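Engineer: Chain by chain, the residues run as shown.
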Amino acid sequence: MADLYQLSAASLDALFTALQGDGRRILAPTDRDGRSELNPVHSAGEVAQDYIQTSLSAKETVFPKVEQLLSYDLAPGRVELAGATPRAEPTVVFGIRPCEAGGFQALDAVFNWDSRDAFFNARMANLAVIGIGCTRKDDACFCTSVGGGPGDTKGSDILLTPNPGGYLAEVLTDKGRAIQALAPELFAPAEAAGKAALLVDVPAAFDQPALTAGLPALFDGPLWDEQALRCIGCGACAFVCPTCVCFDIQEEADKQSGRRLRSWDSCGSSQFTLHASGHNPRATQGARWRQRVYHKFSYYPDRYGQLGCVGCGKCTRACPVDMNLKEHLVEASQATVEP
Amino acid sequence: MTDTFEPKITAFVCNWCTYAGADLTGTSRIKYASNVRVLRLPCTGRIDFMLLAKAFARGADGIIISGCHPNDCHYTSGNYHARRRWMVYRNLMDFMGIDTGRITFSWVSAAEGAKWAELVNEVTAGIRAKGPYTEYQELAHAGVE
Amino acid sequence: MDLNGKAKELLEAGDVKVVLGFEPGTAGVRRPAFVRKAGRTGRLVFDAACTQNLASYVTRKEVKRLGKVALVARPTTLRALLQLMAERQIQEQDILPLALDAAGQVVELPTAQAIEEHLALESSEIPARDRELLDRLGRMTRQERWDFWQGELSRCVKCYACRNSCPMCYCEHCTMDCNRPQWVPVPSHGLGNLEYHMVRSMHLAGRCVQCGDCGRACPVGIPIHLLTFNAEETVHAQFGQRAGASAKLDYALSTFRPDDKETFIR
Numbered sequence: 040m041a042d043l044y045q046l047s048a049a050s051l052d053a054l055f056t057a058l059q060g061d062g063r064r065i066l067a068p069t070d071r072d073g074r075s076e077l078n079p080v081h082s083a084g085e086v087a088q089d090y091i092q093t094s095l096s097a098k099e100t101v102f103p104k105v106e107q108l109l110s111y112d113l114a115p116g117r118v119e120l121a122g123a124t125p126r127a128e129p130t131v132v133f134g135i136r137p138c139e140a141g142g143f144q145a146l147d148a149v150f151n152w153d154s155r156d157a158f159f160n161a162r163m164a165n166l167a168v169i170g171i172g173c174t175r176k177d178d179a180c181f182c183t184s185v186g187g188g189p190g191d192t193k194g195s196d197i198l199l200t201p202n203p204g205g206y207l208a209e210v211l212t213d214k215g216r217a218i219q220a221l222a223p224e225l226f227a228p229a230e231a232a233g234k235a236a237l238l239v240d241v242p243a244a245f246d247q248p249a250l251t252a253g254l255p256a257l258f259d260g261p262l263w264d265e266q267a268l269r270c271i272g273c274g275a276c277a278f279v280c281p282t283c284v285c286f287d288i289q290e291e292a293d294k295q296s297g298r299r300l301r302s303w304d305s306c307g308s309s310q311f312t313l314h315a316s317g318h319n320p321r322a323t324q325g326a327r328w329r330q331r332v333y334h335k336f337s338y339y340p341d342r343y344g345q346l347g348c349v350g351c352g353k354c355t356r357a358c359p360v361d362m363n364l365k366e367h368l369v370e371a372s373q374a375t376v377e378p
Numbered sequence: 197m198t199d200t201f202e203p204k205i206t207a208f209v210c211n212w213c214t215y216a217g218a219d220l221t222g223t224s225r226i227k228y229a230s231n232v233r234v235l236r237l238p239c240t241g242r243i244d245f246m247l248l249a250k251a252f253a254r255g256a257d258g259i260i261i262s263g264c265h266p267n268d269c270h271y272t273s274g275n276y277h278a279r280r281r282w283m284v285y286r287n288l289m290d291f292m293g294i295d296t297g298r299i300t301f302s303w304v305s306a307a308e309g310a311k312w313a314e315l316v317n318e319v320t321a322g323i324r325a326k327g328p329y330t331e332y333q334e335l336a337h338a339g340v341e
Numbered sequence: 003m004d005l006n007g008k009a010k011e012l013l014e015a016g017d018v019k020v021v022l023g024f025e026p027g028t029a030g031v032r033r034p035a036f037v038r039k040a041g042r043t044g045r046l047v048f049d050a051a052c053t054q055n056l057a058s059y060v061t062r063k064e065v066k067r068l069g070k071v072a073l074v075a076r077p078t079t080l081r082a083l084l085q086l087m088a089e090r091q092i093q094e095q096d097i098l099p100l101a102l103d104a105a106g107q108v109v110e111l112p113t114a115q116a117i118e119e120h121l122a123l124e125s126s127e128i129p130a131r132d133r134e135l136l137d138r139l140g141r142m143t144r145q146e147r148w149d150f151w152q153g154e155l156s157r158c159v160k161c162y163a164c165r166n167s168c169p170m171c172y173c174e175h176c177t178m179d180c181n182r183p184q185w186v187p188v189p190s191h192g193l194g195n196l197e198y199h200m201v202r203s204m205h206l207a208g209r210c211v212q213c214g215d216c217g218r219a220c221p222v223g224i225p226i227h228l229l230t231f232n233a234e235e236t237v238h239a240q241f242g243q244r245a246g247a248s249a250k251l252d253y254a255l256s257t258f259r260p261d262d263k264e265t266f267i268r
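Protein sequence lines, in the order shown, are assigned to chains A, B and C. With this note's numbering applied, the first sequence covers 40 to 378. With this note's numbering applied, the second sequence covers 197 to 341. With this note's numbering applied, the third sequence covers 3 to 268.
Simulated from the structure, these hints should not be mistaken for lab results. Honestly, I wouldn't trust all of these hints.
Unchecked claim - Covered stretches of chain C, as calculated for chain A (at least 3 residues, CB under 8 angstroms): (1) 33-41; (2) 55-66; (3) 110-120; (4) 165-171; (5) 208-222.
Please read all numbers here as calculations on a predicted model, not as lab measurements. C-beta: ideal position from N, C-alpha, C; glycine also.
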């Protein structure tokens, strides 16, 4: 149930001040050499103005690239454990797109599936999301093909839509209302003034339910080897993706002390499924590429009742060899239609 | 508050020349700084460049690498390969901003007990003046949430 | 003959099984295209946007199993192919490099010698922008360089796009995979990032053909190619050797001269 307000562009600085006064750090897209990245900011002026998407995703805020799970000191007959409690700094991520905000739900599906990941949950509990809807798109975007959209509210606590006076602000959740309460004078009443007209049009590129239904039949087919010929098997797509959750746990220790770290991993890498026996069930890049598509579009729906992809297109933009996911999915969905 | 920083210096030395030379320093009863931890390898040619990086990561403030003079290598050419490797690696380290002033390369023969003592004393004094290499040692924690 | 015509001719003749070139991709980029049917050569293009070093594909098993590959080759691609031949990763008969002249006409380079002769006519100078960046870094103090690289490397996420895009990084079991014990840290903390890029630069010194793909591949825009470019420059300046000069191996770090000159050994 959204409450609608008008926020002027000039009032963002005051909002940022109020948030920081409440002890929260603010992460927002900032410009760097033609790209934008999420960085701590203190004033609205530091926020990038002209970006479609950041290179990396906001999943960093709840699933960092390197996270310490615990550390320990060793002495004869003694192990002293430290830091097994998750830490999370109160944070507001400002200016991410609706597609990316929708990714938190997919992360939650895995991190709270059978066991509850205390680290993820501590960070999620301390995170508020102020998203900004899209007035532009590029060739990599396909949010509307996967149940999202340029003004989708899923995952945002407040969603801003740029309009002539500044922003239409939808306050969506309790966290959103708590932010509003920090500076209620900034939120002027508004009408549901044609939000859709403010947003860019993103025509759907493929029929996702049909694709998902058709994937099992394509599993053994030659399509995936073909599509993956140019894939170099790096981890760029997995790492920039707002929903990819694969991680590695590394123990860095010596005889005196150690620490256990969690870091991002990618199913695209050649040894990702290498068994200790030497057998590798995904020994070709085609098998690994297929895994990526199926995990997001077949296994996720089966297991969690939602997709593992939000159509943001970050993978496509990051890929050194232009593995355009939308294009590959369109091709796959055409393969399902033919007998 | 006095600064009682005592540098930790790791020395990678070859068995046949520098290690024997350091032994001669001892049997000659020459006193010298005790800050050096000596790691003996068969030959400088065996020294992987990453061993130096690992020494810094493990808390060394300075490094000495020493072996047989050119033409005197026990294995004929190990030190020639080492020299090439050091030329490239030192340049890379400097390019990346690592303090190559903290690394001393030398040729010390089995007869050069006095040279070893002099080298260690000079290096120790130099590293003491530079202070601990905290900039490098902090790297392990940088970026860990 | 132009590229599309040559590709068609080669595929129809049957000896070459794949023509590896470029096709238009998303929003004006060019991406690798593996053409196996003579009727599909129309999608091949070649222009200034075709920058990727396609030599990185000729060592991949998924590509090798397709058969003999004819590949569109810029000078750095040709150097990479020679280096791969020198390192015995490919053989002359497995590949057919196709260079394009200024008029877009194809020059077939079927032997190592042909490649060497063709390269002798080309400059091996790195792009001006990269030369400028290297010079700028060279003029900085050590501390400034440290701050620069730490600023850049702190953004590294260890995706290995740089490594995987490199034609010289063909090891099936990379140093990064060495895990008993874990030699280079996996996580992308400050130490893991520094050590990884340090190792890669040393493993490329004397082998890097300065194509710049690693820097282009980086999803967060780190100019990581500058590290390997610099290592290659060092090798050339100090030892006179260059990667990809010949199909006969002349690797700086496995050779030496008794009179190699340095200034820092006491």
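Engineer: Of the hints given before, which are not true for this structure?
Structural biologist: 3
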